[in-house]
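Let the sequences and hints guide you as you build the complete structure.
Take a look at the letters that make up each chain.
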Amino acid sequence: MAVDVSEDVDHATDALGGGLADVDTRRARRGLGGIVAFLLLWTGASLTQPSYVLPSPLVVAETFYEQVASGEVFVALGNSILHWIPGAVLGTGLGIGAGIALAWSPYLDDVSSPVVRVLRPVPPLALVGFAIAWFGINHAGAAFIIAVGAFWINFYATYGGVEGVSEDLLDVARSLGVEGDVALVRTVVVPASLPEITTGIRTGIGRCWMLVVASEIFGVAGIGRRILRASNNLQVDVVITYILVLSLTYLVVDVAFRALQRRALAWR
Amino acid sequence: MAVETPRVRVDGVGKRYEGSQGPVQALADVSFTVGEGEFVCIVGPSGCGKTTLFRIIAGLEPSTTGHVALDGDRVEGPSTDLGLVFQEYHLFPWRTVAGNIGFGLEQQGADDAERERRVRDLIDLVGLDGFADTYPRDLSGGMKQRVALARALAVDPGLLLMDEPFGAVDAQTKKMLQDELLDIWRETGKTVLFVTHDVEEAVKLADRVVVMAKEPGRIRTVVDVDIERPRTRSDDAFTDTYQRILDLI
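Protein chains in written order, with the working numbering: chain A, 1 to 268; chain B, 1001 to 1249.
I should point out that these hints are in silico values taken from the structure, not numbers from a laboratory. Watch out, some of these pointers could steer you wrong.
[What the hints assert, rightly or not] Below 20 angstroms or equal to it, Euclidean Cα-Cα: the simulated SDA-like pairs (lysine to any residue) are:
{"hint": "1", "chain 1": "B", "residue 1": "Lys1144", "chain 2": "A", "residue 2": "Ala133"}
{"hint": "2", "chain 1": "B", "residue 1": "Lys1144", "chain 2": "A", "residue 2": "Ser166"}
{"hint": "3", "chain 1": "B", "residue 1": "Lys1144", "chain 2": "A", "residue 2": "Arg268"}
{"hint": "4", "chain 1": "B", "residue 1": "Lys1175", "chain 2": "B", "residue 2": "Gly1158"}
{"hint": "5", "chain 1": "B", "residue 1": "Lys1214", "chain 2": "B", "residue 2": "Gly1022"}
{"hint": "6", "chain 1": "B", "residue 1": "Lys1144", "chain 2": "A", "residue 2": "Glu167"}
{"hint": "7", "chain 1": "B", "residue 1": "Lys1144", "chain 2": "A", "residue 2": "Leu170"}
{"hint": "8", "chain 1": "B", "residue 1": "Lys1144", "chain 2": "A", "residue 2": "Asp171"}
{"hint": "9", "chain 1": "B", "residue 1": "Lys1174", "chain 2": "B", "residue 2": "Glu1088"}
{"hint": "10", "chain 1": "B", "residue 1": "Lys1144", "chain 2": "B", "residue 2": "Leu1125"}
{"hint": "11", "chain 1": "B", "residue 1": "Lys1144", "chain 2": "B", "residue 2": "Gly1167"}
{"hint": "12", "chain 1": "B", "residue 1": "Lys1175", "chain 2": "B", "residue 2": "Asp1198"}
[Stated by the list, open to error] Computed list of chain B residues with no C-beta within reach of chain A, every gap over 12 angstroms:
{"hint": "13", "residue": "Glu1004"}
{"hint": "14", "residue": "Asp1029"}
{"hint": "15", "residue": "Ser1046"}
{"hint": "16", "residue": "Thr1052"}
{"hint": "17", "residue": "Thr1064"}
{"hint": "18", "residue": "Gln1107"}
{"hint": "19", "residue": "Ala1113"}
{"hint": "20", "residue": "Gln1178"}
{"hint": "21", "residue": "Val1222"}
{"hint": "22", "residue": "Pro1230"}
{"hint": "23", "residue": "Gln1243"}
All figures in this text were calculated on a predicted structure; none of them were measured in a lab. Ideal Cβ positions, reconstructed from N, Cα and C, are used throughout, including at glycine.
Right, here's the structure in full:
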């Protein structure tokens, strides 16, 4: 009997694998077509406008190359990363921790619910004043704003995940000798809500990159600062260059995280 | 004759709920015992409180009156003395077959080599060789229930408590799992308390059948099944017992 089932499983996996590969190449082909079409449209549009309104892709490519060759891109990127990483890590960690604690403990939930509801709608950018007053115009100040953004996304994603953990799995774990809140959270709650938690982290990473730009408006160096400065000088090609740098960096981080997520959730 | 403490003593257990239309008496004065190594089935119509009784015996829900004792000790909550098997399996989806079966052993702090050996033996016992690294997602219902059974047996509980364990699998698989359960029961000498709504299943498996009635959920009678195993439906004694229980429900 066991042999029969194993063959079924193998066949199912084969069929699925082959189908997925086909879909992947088709998607890639279509995506490439989309990029080409977009570049053509952009070129066409740029012909009708002066270059300080919309530079052509070629002009942007040239500027991109100059900025990379002069190393300016890496300085700006390095600066942004110096507040992006601490902000994202701190906000994510605290958000997940708070989400688990409040979803698990009805007592903590009751106590904190009014405060949470008041603080939740505050946009991170409204806290610029606090960032400057508490940390100053530096990486710590920018990291604070990024952390606030990451916190709420991760808090709510984790909270929802933990709330959805099946009572029955907790009963089974108790009957197999798991005792106490910490042990139950570690052995059942966290692994069971990992899909929601990792989705929160991933959404948070994207949100943090957007906040990198926003958090630099009050003068902290980085890609956002560079975009704002170029905007003031009507250097649209430079603006687009740094937007591209931002997008590409986000893409790399997102692809890497997705690979990690897929591995962690191989059981799904 | 020495008075032996039964493995399980259910003593005057009752359960009242506050329903939307006033209080509901789900169980009233349920008392019975299960002896060491015995295989007892609880059978009854739907709504007779079988699952409530299961949850009370398992320590997952308090009773309103009476109590349950395991080896003379009152059941106050879930513990490793009670191995639970549910109809819906409730496997840990993020753990492989081996990971699910080893879960309880990890909590007991068994060392790796000992745990691996136990897990291997249990995989062998439930006939899942070659599936140690498979996730529950890729298992059929019958295979999932085998994992659940092995997981419950891993911590060597004094009582195996099963709630309609074969209710969600097809008829053919069900028959196979019943035979395997009887083999495992004989091999391990476990005490089994098995809840089902399927009278045929109860007659096939049990030493004794606790027959329940509803409104309120209570014990109608306890039927001894004194038939040599393996039992077949075509057997006269089987049909007689089956009919007797069916008439009681």
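For this session: List in ascending order the numbers of the hints, as given earlier, that are violated by the structure.
Result: Numbers 1, 4, 18 - these are the hints that the structure violates, sorted from lowest upward.
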